[in-house]
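Q: Okay, here's what each chain looks like letter by letter:
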Amino acid sequence: MGRKAKRTADPISQGLQKLFQSVADEAIPEEFMALLDQIDAKAAENPAPIGSPPGVEETE
Amino acid sequence: MNPADDSRVFRAELVAVIPSLRSFARGLCGNRDLADDLAQEALVKAWAARDSYRPGTNFKAWIYTILRNHFYSISRRASRFAAWDPDLAARTLVSPADQGTALHMADLERGLGLLPIDQREALVLITTQGLSYEDAASVMGCAVGTIKSRVSRARAALTRFLDGADAVAPALAAGQREVDSVS
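Protein sequence lines, in the order shown, are assigned to chains A and B. So that you can map any letter, position 26 of the first sequence is 26 in this note's numbering, and since no number is skipped, the others follow by simple counting. So that you can map any letter, position 30 of the second sequence is 30 in this note's numbering, and since no number is skipped, the others follow by simple counting.
Please keep in mind that the hints were generated in silico from the structure rather than gathered at the bench. Fair warning: there could be bad hints in the mix.
Covered stretches of chain A (in silico footprint by chain B; criterion: 3 or more residues with CB under 8 Å from a CB of chain B, positions within the stretch not fixed) [as the list claims (entries may be wrong)]: (1) 11 to 24; (2) 35 to 42.
What follows is a list of derived Cβ distance ranges for each label pair [what the hints assert, rightly or not]: (3) A:GLN17 - B:GLY164: 20 to 26 Å; (4) A:GLU31 - B:ALA143: 36 to 42 Å; (5) B:GLY141 - A:GLU45: 32 to 38 Å; (6) B:THR146 - A:ASP10: 17 to 23 Å; (7) A:ALA34 - B:LYS148: 36 to 42 Å; (8) A:MET33 - B:THR146: 34 to 40 Å.
Below are the DSBU-like pairs computed for lysine-lysine, each with C-alpha atoms no more than 30 Å apart in a straight line [unchecked claim]: (9) B:LYS60 - A:LYS18; (10) B:LYS45 - A:LYS18; (11) A:LYS18 - B:LYS148; (12) A:LYS42 - B:LYS60.
Just so it is clear, the structure is predicted and the values come from calculations on it, not from any experiment. Beta carbons are placed, not taken as given, at the ideal position from N, Cα and C, and that holds for glycine.
Could you build all of it, start to finish, from the sequences and the hints given here?
A: Next up, the structure:
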């Protein structure tokens, strides 16, 4: 995964973290969940194992 | 794991990443509506490309790469996506009502929006999205050293801007225009 970037307590980092955390803390708009529901419906129609190339059977 | 379980796990990953995906998109384009469009498109593209995701690898970096690629793809067709509007951004990123913060959030937002996009993106990925330098480099398709350099230059420029050097703003804006003209 790599080394984590050094976390510093400088004012710029703190300010940016607050700004972007406020976005991340927003409620997820309904259209996102509706979109995922559509994706679920498609998944039910066409299930495929993750990590395998399309059309290739899993051997494990 | 059977395909149904795979789908459930993948959906859970998608749901979990939505908040940070919206946040990253907001940092990329500086516009709430466009950012949400980008994030939704990234979800669709991620689903379509789920076979290329290797479980156990960094899911956030993987889907950020998808979102970023889509952003630059549409930026080439519509310049409005590449140009962060600092005034719009100031209304887009919600400033926490913490008056005790040392920085003026509006100034920080404005300065962020004036950074060249490659510097802004690197700074956002490292400072606000919790990515390692290695993962940020993977997302941006460049060397780790380049990420470090961009973050360093972004910090230096923001520091000058926040120190009240209004004269810095035109220089930052010039950098932005230069990047936009390339996009």
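Q: Look at each hint and say if it fits the structure.
A: Hint check results:
no.: 1; hint: 11 to 24; in the structure: holds (count 14)
no.: 2; hint: 35 to 42; in the structure: holds (count 5)
no.: 3; hint: A:GLN17 - B:GLY164: 20 to 26 Å; in the structure: holds, 23 Å
no.: 4; hint: A:GLU31 - B:ALA143: 36 to 42 Å; in the structure: holds, 37 Å
no.: 5; hint: B:GLY141 - A:GLU45: 32 to 38 Å; in the structure: holds, 34 Å
no.: 6; hint: B:THR146 - A:ASP10: 17 to 23 Å; in the structure: holds, 21 Å
no.: 7; hint: A:ALA34 - B:LYS148: 36 to 42 Å; in the structure: holds, 40 Å
no.: 8; hint: A:MET33 - B:THR146: 34 to 40 Å; in the structure: holds, 37 Å
no.: 9; hint: B:LYS60 - A:LYS18; in the structure: holds, 20 Å
no.: 10; hint: B:LYS45 - A:LYS18; in the structure: holds, 29 Å
no.: 11; hint: A:LYS18 - B:LYS148; in the structure: holds, 22 Å
no.: 12; hint: A:LYS42 - B:LYS60; in the structure: holds, 23 Å
Of the numbered hints stated above, none is contradicted by the structure.
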